[in-house]
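Got chain D sorted already, so can you dock chain S onto it with the hints?
Here the protein sequences come in this chain order: D and S. For the first sequence, counting from 1, position 161 maps to 160 in numbering that gives the first Met the number 0; every step adds exactly one. For the second sequence, counting from 1, position 203 maps to 202 in numbering that gives the first Met the number 0; every step adds exactly one.
Treat the hints with caution; some may be incorrect.
[Unchecked claim] Partner residues aside, some chain S positions facing chain D, computed with beta carbon under 8 Å:
#, residue
1, S3
2, V22
3, I23
Think of the hints as simulated: they come from the structure by calculation, not from any bench. Glycine included, every Cβ here is placed at the ideal spot set by N, Cα and C.
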Amino acid sequence: MAFNITRSRSLLSPDRTFRAITLMAAVTTATILAIIFVVLALGSIPALTASSFVDFIGTNAGPIFGTVATALIAIAVAGPIGILAAVYLVEFAPKRLAVVLTFIVELIAAIPSVVFGLWAVNDLSIRLRDSVEWWIASTFGKFIPFLSEDSNNPAADSVFRAGFLVGIMIIPLVVALSREIIRAVPISLREGYIGMGATRWETIRHVVLPTARIGITGALMLALGRALGETIAVTMVIGGSNDVPGSLFQPGSTIATRIATTLPEANPDVKSVLIALGVILFFVSLGLSLAMRLAARQTAKITASVK
Amino acid sequence: MRLSALIATIAAIIPLIALIYFVIVRAIPWLDAELFVNNPLDKPSGISNAIFGSLQLTTAAILAVSPIGVLAAIYLNEYASPRVASWSELVIDVMLGVPSIVVGMFAFMVVVPQLGVSAGSGVVAIGILMLPIVVRTTQEVLRLVPSSVREASLALGVPVWKTVIFVVCRTAFSGILTAVILAYSRGLGETAPLLLTVRGTFAQNWLDFGTTMNALPLTIYSYSGAADSRTLGQAWAAALLLMVLALALNIVVRARTVNSRVA
Chain D
0 MAFNITRSRS
10 LLSPDRTFRA
20 ITLMAAVTTA
30 TILAIIFVVL
40 ALGSIPALTA
50 SSFVDFIGTN
60 AGPIFGTVAT
70 ALIAIAVAGP
80 IGILAAVYLV
90 EFAPKRLAVV
100 LTFIVELIAA
110 IPSVVFGLWA
120 VNDLSIRLRD
130 SVEWWIASTF
140 GKFIPFLSED
150 SNNPAADSVF
160 RAGFLVGIMI
170 IPLVVALSRE
180 IIRAVPISLR
190 EGYIGMGATR
200 WETIRHVVLP
210 TARIGITGAL
220 MLALGRALGE
230 TIAVTMVIGG
240 SNDVPGSLFQ
250 PGSTIATRIA
260 TTLPEANPDV
270 KSVLIALGVI
280 LFFVSLGLSL
290 AMRLAARQTA
300 KITASVK
Chain S
0 MRLSALIATI
10 AAIIPLIALI
20 YFVIVRAIPW
30 LDAELFVNNP
40 LDKPSGISNA
50 IFGSLQLTTA
60 AILAVSPIGV
70 LAAIYLNEYA
80 SPRVASWSEL
90 VIDVMLGVPS
100 IVVGMFAFMV
110 VVPQLGVSAG
120 SGVVAIGILM
130 LPIVVRTTQE
140 VLRLVPSSVR
150 EASLALGVPV
160 WKTVIFVVCR
170 TAFSGILTAV
180 ILAYSRGLGE
190 TAPLLLTVRG
200 TFAQNWLDFG
210 TTMNALPLTI
220 YSYSGAADSR
230 TLGQAWAAAL
240 LLMVLALALN
250 IVVRARTVNS
260 RVA
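In isolation and in its complexed conformation, chain S is listed as follows:
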């Protein structure tokens, strides 16, 4: 019976190996300089619009969301009564289970009519998906900071706000960074909400959030069934980039969680 459990474990891992192998083998022939420099409209074509589009969208979203998320977590952990904290924890946990397509639909109904089909709408949609991740992870990290640290600081006459910023947050800094990285990597891979808000474009867009932008997931999605081998190859290359980014960020997160004392 031990054998059947072992087989199940192996079965759980096979897809990962098959997937990584396939993406690497298919993507490598198409990794050239043009891929990173040129747009789909250039000759030879590239996917630089998608690469830098993804980075711009996700970075804008994380910059907007992480201050709110971290501060909200500080309030819930340091100030709120245990009752309020445990309720909000439940609500945020439940929100984490909401499918990203539903959040995309919400953005389509509420944000797109205001901002139009644009990078800005995409940033809002991705930001909404990141917010609960930042809040919950930061909250978990802050909870691991021992009360004795706070008490020591307060006993020395340090005001509460300085204690929270310079003692609690500093102790938990590495963990808070982990929360932000985790949310960033989740945001990079989101496709469905972008499909409803940003839609993609062939043009390069630098920091103009009022018009449409492209993103790696959108390129992979729209190129996935291409008959032309160069286009399909670029889908694999985009998948490799996205996968390497997501895996690298997650490995960084895990390495941090193992090494640091807090979180």
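Chain D extracted, bound-state conformation:
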């Protein structure tokens, strides 16, 4: 599709000029991305060289713990729901219903995260505290202090509730990505298995999901990356405590919430620490995003080899 024919020898021909203009736009885009990369990489140097890396992790254990905990809770919520919903949409739902349901699920992704935050502060958080959180705490809290209820916890703040909220927010992403991957599993594979007498569900269980496994893992990694970086909704419900909480049901913070709330007024020392934390977030999400692309390529290869 590339136009590589040069028609005119004149340096100022419209063809050359237009090509040069588009090239400049592409270079501008690339330069902006490169500058972001370089600035963030350089920005982390002062904080990472001042003390050893282990010390750095130790002094920032609170936000690092909060980031990992909320992201894992989010995946625990969105993973099963999102993958099962994708299975339903691809394998079971009548075509028209599937179109409507997909549309609705994708609309969730369009709602700004700050609106989710407002809803969570005033409604969802309180419901979660009185239902899921209360149930976990009263069932496991007696044996595992990490899951015990904090009696003097203010109404709307805990790491668990922040993670659950992020889980709801990334469901559309998990559904959308898993749907693509499940749809890419060749029909011939399913037909072969059904032809041997397997039921629809056995086919999904033993053929579709195993074939899609790498791709779905990749989808979850991308969702994990999204969950790690979710900022404003988490800031509104996590409570903003800097220490590692004694229980999942106590307030905490994440790297993103620390940056959003304290960076503007931070003194130079705190600033360089926050920037270093942000750079870690940047590289981790870059890595997860890359892993997803590679996994997608791998799945494409497997399905192509069958076709």
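Showing chain S alone in chain D's frame:
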């Protein structure tokens, strides 16, 4: 087992319904004329500074970014070698996965020292977040224009640049517009980068990008825990406006994608 999959699908949709219901019910009592006309400092208070602030910030960002993004996509799809195109695709895809708070932090480190805490810095931050969306979506759309269309135009002796502008881009125009709308709706909802660059103000700001401005997401964020019922009500009203705008733009995008032949 089919049942469990159905239940999961319903579970995926419940939050959307609960959220929309809540926002509408809480916001409606506070939707009055003052809301759109007055500032927080006026009596009775309103959020016009946030409404028009959001529109100004996002519009300025999209005006700055969409020409660059569309032209870059044209270069990648029409001129670049397949190798360069596929690499840049990967890089831009990966950039799309970068959290917006990190881009906000970048703007705070690089742009705020130059432009100060101002609407201008906010425009840069939002623009950076929009750019990869515009490039990638436009590129997808251009790819759907069949080569035969290009070949036909070239065979008639039309120069390459005219072919690209008047044949390829025209065929894909609806899709390119979709890409821009999509980026606009994404930009409207961004909060974290604005928190680090614009910070918000109570005053009305018309087109002065050198000083601070307010935006709907900032109002929602700072009013979200208010004890005063009018302030909290205005947070809900702001959320309703933002949600309606975002959903409407996304529905427009989807309707276009279904109806048009290309994209």
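Structure-based check of all given hints:
1. S3: Result: holds, 6 Å to nearest chain D Cβ.
2. V22: 7 Å, holds
3. I23: 11 Å, violated
Hint check: a violation occurs at hint 3 only; the rest are consistent with the structure.
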